[in-house]
Amino acid sequence: MAENLIIEGSGKTPTIKLLFETGSIEISGKSIPENSIGFYQPVYSWIDNYAAKPSAKTEIKIQLEYFNTSSSKCLLDIFRKFEAIKKTGKSEIEVLWHYEADDEDMMEAGDDYNSLVDLTFRLIKI
Amino acid sequence: MLYTVIDINTFYSEMEKDDLILSYKGDITQELLSAIYPIIETRLEKEVEDSKRRRKIFHVLVECLQNVYHHMESFKNNTSIEFEKVNVGGLFMMSRGEENSYRVFTGNFILNEKLEVLKQRIDKVNAMNAQELKAFYLGSLSTSELSDKGGAGLGIIDMARKSENKLEYQFHPLTDSYSFFTLAVKIN
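As they're listed, the protein sequences go chains A and B.
For the first sequence, our numbering gives the first residue as 1, with consecutive numbering after it.
For the second sequence, our numbering gives the first residue as 1001, with consecutive numbering after it.
If you're looking for bench data, these hints aren't it; they were derived computationally from the structure.
Glycine residues also receive a C-beta, built at the ideal position from the N, C-alpha and C atoms.
Some hints here could point you the wrong way.
Capping the alpha-carbon separation at 27 Å, the derived lysine-lysine pairs in BS3-like fashion look like this [claimed, not checked]: (1) A:Lys57 to A:Lys87; (2) A:Lys125 to B:Lys1046; (3) B:Lys1052 to A:Lys125; (4) A:Lys125 to A:Lys53; (5) B:Lys1134 to A:Lys61; (6) B:Lys1076 to B:Lys1134; (7) B:Lys1134 to A:Lys81; (8) B:Lys1119 to B:Lys1025; (9) A:Lys61 to B:Lys1052; (10) A:Lys57 to A:Lys86; (11) B:Lys1076 to A:Lys125.
Computed Cβ-Cβ distance ranges for the label pairs, DEER-style [claimed, not checked]: (12) B:Lys1166 to A:Leu116: 26 to 32 Å; (13) B:Glu1099 to A:Lys61: 37 to 43 Å; (14) A:Glu92 to B:Gln1120: 21 to 27 Å; (15) B:Asp1019 to A:Leu123: 34 to 40 Å; (16) A:Asn4 to B:Thr1175: 48 to 54 Å; (17) A:Thr15 to B:Ser1101: 43 to 49 Å; (18) B:Glu1168 to A:Lys53: 52 to 58 Å.
Modelling step: build the complete structure from the supplied sequences, incorporating the hints.
Given below as structure tokens:
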């Protein structure tokens, strides 16, 4: 039985909310851990479980203030996992990429991911 | 200390002429980094009005520190070196200089066998303009493998992208098997 995964944020790691029933994914805050792979491992595992029986709609909300380069790789891996789910046709997937109005770099990063993976991105100014 | 090399002392005194924000010598641990980040963030909030610029400075700082952290981890985990002879420590300095520019300086031991790859990577990045850096970053992001030991070389590209400056580095040979590597990144 699949469960929700909620990880509280810290000074170096984001808040993670992965809700199985509603297909609601949220990563928000700062993501600057030294060992990003270790931090995101539970998220990978959760998505692998979710892939077996995804919700008809999946909404991925990303609202990051900072992320380091190792997290940027993990984010791409997460998007690729969802891309694979999309390909099965079991879930409609949308990425809501939030950025602060003056944070062009964060907007550009959202745009970059949009170009790297086959998922629908919406860039949302906050 | 093994790394009281003249060049480093010169650099140190040069940075001390700036407004030195933080200077640290010793083991660079996850706990240390957790403590440093909020100190620097608070300081930057006071000193840098432009939030965009503040983010860039903080971003470069994080990448520089994590670079040292990963180098030190891999150095410490290497069993081919007799560590009792080496005081395994890293260096970190951050200062504010002319025209409100910021400088991040780091130093760490590195195995000589890893030296050439790192040198080539920095030289390659230093020769690129903003567009080329972006393309190189995205290319590396989508193809490279990330290990739990480090960031697939993305950090170096990112430091150059965010700082919009050339990365200054030096290798100080110490023994046949390792050197001390220093890196300075300036954000205008």
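Against the structure, the hints:
1. A:Lys57 to A:Lys87: holds (13 Å)
2. A:Lys125 to B:Lys1046: Measuring from Cα to Cα gives roughly 25 Å; hence the hint holds.
3. B:Lys1052 to A:Lys125: Holds - the C-alpha atoms of A:Lys125 and B:Lys1052 are around 15 Å apart, at most 27 Å.
4. A:Lys125 to A:Lys53: Violated. A:Lys125 to A:Lys53 sits at ~32 Å, over the 27 Å cutoff.
5. B:Lys1134 to A:Lys61: Between B:Lys1134 and A:Lys61 the Cα gap is close to 24 Å, so the pair holds against 27 Å.
6. B:Lys1076 to B:Lys1134: violated (33 Å)
7. B:Lys1134 to A:Lys81: Distance of about 24 Å is within 27 Å: holds.
8. B:Lys1119 to B:Lys1025: OK: B:Lys1119 and B:Lys1025 at ~23 Å, within 27 Å.
9. A:Lys61 to B:Lys1052: Status holds; Cα separation ~22 Å.
10. A:Lys57 to A:Lys86: OK: A:Lys57 and A:Lys86 at ~10 Å, within 27 Å.
11. B:Lys1076 to A:Lys125: violated (44 Å)
12. B:Lys1166 to A:Leu116: 26 to 32 Å: Distance hint for B:Lys1166, A:Leu116 holds at roughly 27 Å.
13. B:Glu1099 to A:Lys61: 37 to 43 Å: Cβ of B:Glu1099 to Cβ of A:Lys61: about 39 Å, so the range 37 to 43 Å holds.
14. A:Glu92 to B:Gln1120: 21 to 27 Å: At roughly 45 Å between Cβ atoms, B:Gln1120 and A:Glu92 fall outside 21 to 27 Å, so the hint is violated.
15. B:Asp1019 to A:Leu123: 34 to 40 Å: Distance hint for B:Asp1019, A:Leu123 holds at roughly 38 Å.
16. A:Asn4 to B:Thr1175: 48 to 54 Å: Because 53 Å falls inside the window, the suggested range holds.
17. A:Thr15 to B:Ser1101: 43 to 49 Å: violated (34 Å)
18. B:Glu1168 to A:Lys53: 52 to 58 Å: holds (53 Å)
Checked against the numbered hints given earlier, the structure breaks hints 4, 6, 11, 14, 17 and satisfies all the rest.
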